[in-house]
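*Asks:* What follows is the residue order along each chain.
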Amino acid sequence: MEKMIEVLNLRKTFGPARSLLRRSGKRRQVEAVAGASFDVGTNEIVSIVGESGSGKTTLGRLMVRLLDPTSGEVRFDGKNVFGMNKTEMIRFRRNVQMILQDPYDSLNPLFSIFASVSKPLNIFEKHLSRREKEEMVAEHLESMGLKPAEQFMHKLPGELSGGQRQRVSIARAMMLKPKFIIADEPVSMLDVSLRAEMLNRMKKLSREGGTSFLFITHDISSAKFMGDRMLIFFRGRIVEQGKTADVTERPKHPYTKVLIDSVPVPDPERGASFLNIDDAGGSSDESYSTSGCRFASRCRFVMDRCRRAEPPMFDVGEEHWASCFLYG
Amino acid sequence: MDLLEVSKLNIRYRTKDRTIHAVRDLSISIKRGEVVGLVGESGCGKSTFGMSLLRLLPVSTDISAKKMMFNAGDGMQAGGIDILELSEKELRRLRWKHISVIFQGSMNSLNPVARIGSQFADAMFWHGFDDETIKNSISSHLELVHLDDSIRKSYPHELSGGMKQRVAIAMALVCSPELVIADEPTTALDVVVQRRILKLLMDTKEKLNLSIIFITHDISLLASIADRVAVMYAGSIVEIGDVRTLFRSPLHPYTKGLMSTIPRVDERQSELVEIHGSPPDLSGSIRGCPFAPRCGIATELCAVEMPQLRVVEGRHMVSCHNVEVQDGKND
Amino acid sequence: MNIQTVSKQQSPVSFLARRLIRPLVPLTHSRKFILGASIVMFFVALGLLGRLIVPFGPLAQSGAPWSPPSARHILGTNYLGQDVFSWFVIGTATSLKVGFFVALFSSSIGISVGLTAGYLGKYTDDVLMRFVDMLLVIPAFPLLVILSAYLPPTNTSTILILSLLSWPFMSRVVRSQVLTLKERGYVAVSKLSGAGNLSVMFKDIFPNMAPIIFINMIFLVIGAIIAQAGLAFFGLGNVNSINWGTMLYWAQVEDAAVQSAWWWILPPGLAIGVLGMGLNMLANGIAETTLEMRMG
Amino acid sequence: MISKRYLLRRLTNMAVIAYGAITLNFFLPRIIPGNPVMANLFGGGGGQIGNPVVVRRLTQEFGLNNPNLLYQYYRYLVELVHGNLGISFYYYPQSVVSVIVQRLPWTLFLAGSGTILAALLGIPLGIFLAWRKGTLPDSLISSAGMLISSIPYFWIGIVLLIFFAVDITIFPVAHAVSQGVTYSSVFAYLGDVLYHAVLPISTLVIALMPGYALQMRNTMITVMHEDYILTAFAKGLPNHVIKNRYAARNAILPVTTHVGIALGYVVGGALMVEYLFAYPGLGYTLFSAIQSEDYPLMQGIFLIISLCVIFANFIVDMIYTLIDPRVSLT
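Top line first, the protein sequences correspond to chains A, B, C and D. Just so we're aligned, residue 1 is where the first sequence starts under this note's numbering, counting upward by one. Just so we're aligned, residue 329 is where the second sequence starts under this note's numbering, counting upward by one. Just so we're aligned, residue 660 is where the third sequence starts under this note's numbering, counting upward by one. Just so we're aligned, residue 956 is where the fourth sequence starts under this note's numbering, counting upward by one.
Don't read these hints as lab results, they were simulated from the structure. Take the hints with a grain of salt, since some may be wrong.
[Stated by the list, open to error] DSBU-like mimics (lysine-lysine), calculated; alpha carbons at most 35 Å apart, straight line:
| # | chain 1 | residue 1 | chain 2 | residue 2 |
| --- | --- | --- | --- | --- |
| 1 | B | Lys-481 | D | Lys-959 |
| 2 | B | Lys-481 | A | Lys-147 |
| 3 | A | Lys-155 | A | Lys-79 |
| 4 | C | Lys-756 | A | Lys-79 |
| 5 | A | Lys-257 | A | Lys-203 |
| 6 | C | Lys-850 | A | Lys-133 |
| 7 | B | Lys-527 | A | Lys-257 |
| 8 | A | Lys-79 | C | Lys-781 |
| 9 | C | Lys-841 | B | Lys-344 |
| 10 | A | Lys-257 | B | Lys-584 |
| 11 | A | Lys-126 | C | Lys-841 |
| 12 | C | Lys-850 | A | Lys-204 |
| 13 | D | Lys-1198 | C | Lys-781 |
| 14 | B | Lys-394 | D | Lys-959 |
| 15 | A | Lys-203 | A | Lys-243 |
| 16 | A | Lys-86 | C | Lys-862 |
[Claimed, not checked] A few chain B residues that don't get close to chain D, going by computed Cβ distances all over 12 Å:
| # | residue |
| --- | --- |
| 17 | Asp-546 |
| 18 | Glu-595 |
| 19 | Gln-597 |
| 20 | Thr-627 |
[Unchecked claim] Cβ pair distances, simulated, as ranges:
| # | chain 1 | residue 1 | chain 2 | residue 2 | range |
| --- | --- | --- | --- | --- | --- |
| 21 | C | Gly-855 | B | Thr-627 | 43 to 51 Å |
| 22 | D | Ile-1270 | A | Asn-80 | 48 to 56 Å |
| 23 | D | Thr-967 | C | Pro-866 | 45 to 53 Å |
| 24 | A | Glu-159 | B | Thr-627 | 42 to 50 Å |
For each residue, glycine too, the CB sits at the ideal point set by N, CA and C.
Use the sequences and the hints to build the structure in full.
*Replies:* Structure follows, in structure tokens:
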């Protein structure tokens, strides 16, 4: 498969603000992304699953260059995004878009829906007349289920519900028919009854429009529904990756197993056993090791070597890798 | 006698320019030692109902019910007490001692400038426990949630999210209440932590023979913890029944929708089942079934007549015109 | 059902209405805002119409010295037999002018410093904010006194030094707003839509802090009027200019308190208080309304 | 407890600001262009302004005849380290420092007791108002508070003077102690001091209290929306416990910071009040220094007042860290 976007050994460290006059209170440096490498192919949906604080949002923001990395590269069409000149950057912005988590935060409260959605047109399609822009905006809003579009275009975001705002955000991201979209927890703040529709729509948009998706989520179930492939992220590192079916049905990394076992199953017969799964290796819920394998302190299969060195990616199946010494 | 009996509860919020009818004709009763799951989407009135049991609603709220009886055992009036009739002073005695809460986002429910121990202690002190009992109870309750006793000297900001959640659970139990309202207690947590907290809550419940009202938006959670499940929509219960019955044979279209709309990790789905539309505006009066505009099987009757909660079989009740029930008897 | 009719071609007037007037509509629901605005408008009107409504020239000797309020002199006369009401009305304009210009100049400085510090960050931010911290801690009044003593006693000097010393708080506020708003989702979205840094700054970030800037400008107006009165009281600045501060200065110099000439002392002080209350209400009204709008 | 690292950081912070004030004090008279007084005194001209003997000594000690600004700065710092701020023109032959040392305690007494009393009265008032948010007493008192907090300090003083010292003469019009009296005991002296301080301190308290009360009220109303307050109600705690131990205890933190920031204003107010009541503190001295164009004294007063306020801010900072458990750790 042709590579749409390629991430090479990407690192991002948030440190104490180093400055002449003031010292930040926190001394410890936090390695939000600790050397991630993967790629997303043309017309492919890749899901990233990680708990809060795992660095998955930072990863997404690095990939669209809202942040600059400490080291590493993101390549789009073979070119390093962080070394792009102005014209290349314009082309990148046109082709790579992002959908954010919080629908209440992602639209400027002072701008009408039309102004927000048409913004990319004002910058990349200057030649269009206002009428043409209105038609395009209307078309995109309606394709997201905001019908009739005229009713929404001149409203302010404050007059819309969360679900409607998220539709607007997706319409905006799709405006220029980008080749690649990163969706960062796009449904986690929406009501349950809205989620299914949004996930279906995004999946359909991707399949029909040939757009590649990176779907970032904490919920392995929706990651499974959306993605062709899946990456499991733990504390800044990819611990397992492979085809969605392989990872969810034959998980290899102990963390992935715990994660899958912890998803509540809507079945009372299996419910009781769900609570009684023994995963206890570590003492605290949120602890992680700072040297060696980061999951070591929580892992029930922990070995001496896990604490000494960081495990590399081991091949555990067809296009399936896990970063765990159990397989090395 | 059931621990809690609520009948025809109505709650209205008055705001500057409109009145929101948040809970509509809600009836439910809860047995001793029973875990009732209350599931619904944001704005369906589930939290409002929870808070109403402690009368912890804003001043500008109208609350009325045919019956709202709490039948605690010893120390309380024989024949139960009517929660709506209580004076300020009696309410204070009811709160925490008999009904306590684990809050939604309990991360913020701890006073940031007081030590954990003193936050336990003041809850107990004002309910008349003596110093010795207070001291022992704090230790035993911290142990109950697998926390070290030294935590009593810590401030909330020194604990992790999961630890604070445990503290919130322990604190809710420290006065040995009969009923605990758990309002989305795991929503802010990661799945792994969530499962451990749920396990903890259930173990404690067994030990102390608690009744729990577990409020959540995630119906699949309830499969493993609830004895009974009530589904709320637009301020009313649309279906209620034993957990097995409800998950095996849900009858209300909304319940069915909630169950099949969730992505599954243990199944392959090519497309998710959608529930179209959005919940009605609760500031107006609703004609007919509130779910009718979103319902796939709605008939003309649904648009004009509000269905009543009817018994299907045993404790299984549903409010839908299009569900065949054994007898047409109203609740 | 509320169906909006949409004209395909918007006129510039309706564009202005949307962008400028519409966000202001909720303010009219705030009782505090309306009351505060009425008080402020009253004083502004008094200042603008001053020359037209005063019965006497403020410097003309129009009655006996120290006369208490009467039909002819509704606020009595001062030690020279000048009409206090005329002084008061004419003084309103000068006091408002000082307040207005100081708010304008110092917020220009404050906004520029705040935007620079917040946007550039790093060392620029460190150095600027350390300087701002220092100015915030150092007591302003003695500094004002010294600067006034060195500068020629004119209203312009007073406006100048007040502007030079009043901006630090504004710059703090603007900086922290920039830091908060920079992290907002719609700023990220704007960048993703291809907007450049300057466009993000002035189209997305700046308009969203307009209410807070405006509220702080209101506080600057109050502060400047009070500070000017304080300087005048010390005999600094132009004591021959007619304003609320110099009214109190001359009342003090001529021992109006000993004469129990309350009609000379009460109006300027109360006026500052009432105007201050009006401005405060205006600010509170804006703050509460924007907060309500944010919360939905 | 406060960690050493944190203490060190706050101390450094204070030192940096103090150094800034010292440097500002040096540059102030030198950066204002075209001022004839400055040209005379700091340009090495010598002559018309001030006592010629004094000018000559100042010129010598502070290197004023050397056109090199850096050298002048160096001399300024050296003399400052030796506690020399120059000589007063007006109080010649007293040095600026000796004049200030006599007057400073009176200012500290006024400003200090004014701040403390206003805070002690204003904060409980704020708690009272917040608890009754939206009621008639709240709206009335809050509006009155906004009105009073916008009125200049000295105007309040004048009104008090008219009422309590002129119309009904129960308090003295001026001075810190009675003139030409010998005291039978220390207590008699202290009593006289307090008697003279009633009106000036009342002026400060009336002027300051509304600010503290409103600040406390508004912060507490914000705090009342926090989850832990709801929890406190759910726990069935008595109202006074929720009000004091939960709401007020948390609201007092930002108010403490506000008290620190407001110190500069308080001192400014105290200066004006001193002048009004002919109280022998730095404010009154500053006024006479302006009248007699005593520039060294003016500069000295500015510097000392600034250093006092900077130090007081540090103290408030330390108090804050003691009452907020979240700070001491960082």
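*Asks:* Now look at each hint and say whether the structure bears it out.
*Replies:* Consistency of the hints with the structure:
1. B:Lys-481 x D:Lys-959: holds (22 Å)
2. B:Lys-481 x A:Lys-147: violated (57 Å)
3. A:Lys-155 x A:Lys-79: Violated, because 40 Å separates the two Cα atoms, which is more than 35 Å.
4. C:Lys-756 x A:Lys-79: violated (59 Å)
5. A:Lys-257 x A:Lys-203: holds (26 Å)
6. C:Lys-850 x A:Lys-133: Roughly 20 Å between the alpha carbons, so the hint for Lys-850 (chain C) and Lys-133 (chain A) holds.
7. B:Lys-527 x A:Lys-257: Measuring from Cα to Cα gives roughly 18 Å; hence the hint holds.
8. A:Lys-79 x C:Lys-781: holds (30 Å)
9. C:Lys-841 x B:Lys-344: Since the Cα atoms of Lys-841 (chain C) and Lys-344 (chain B) sit roughly 33 Å apart, the hinted pair holds (cutoff 35 Å).
10. A:Lys-257 x B:Lys-584: Between Lys-257 (chain A) and Lys-584 (chain B) the Cα gap is close to 29 Å, so the pair holds against 35 Å.
11. A:Lys-126 x C:Lys-841: holds (26 Å)
12. C:Lys-850 x A:Lys-204: Status holds; Cα separation ~26 Å.
13. D:Lys-1198 x C:Lys-781: The hint is violated at about 42 Å.
14. B:Lys-394 x D:Lys-959: violated (63 Å)
15. A:Lys-203 x A:Lys-243: holds (17 Å)
16. A:Lys-86 x C:Lys-862: Holds, at roughly 21 Å.
17. Asp-546: Per Cβ check, Asp-546 (chain B) is outside 12 Å of chain D; nearest 21 Å; holds.
18. Glu-595: holds (37 Å)
19. Gln-597: holds (37 Å)
20. Thr-627: holds (43 Å)
21. C:Gly-855 x B:Thr-627: 43 to 51 Å: violated (57 Å)
22. D:Ile-1270 x A:Asn-80: 48 to 56 Å: About 54 Å separates the Cβ atoms of Ile-1270 (chain D) and Asn-80 (chain A), which means 48 to 56 Å holds.
23. D:Thr-967 x C:Pro-866: 45 to 53 Å: Violated: the Cβ-Cβ distance is about 39 Å, outside 45 to 53 Å.
24. A:Glu-159 x B:Thr-627: 42 to 50 Å: violated (33 Å)
Violated hints, listed in ascending order, are 2, 3, 4, 13, 14, 21, 23, 24; each of the other numbered hints is respected by the structure.
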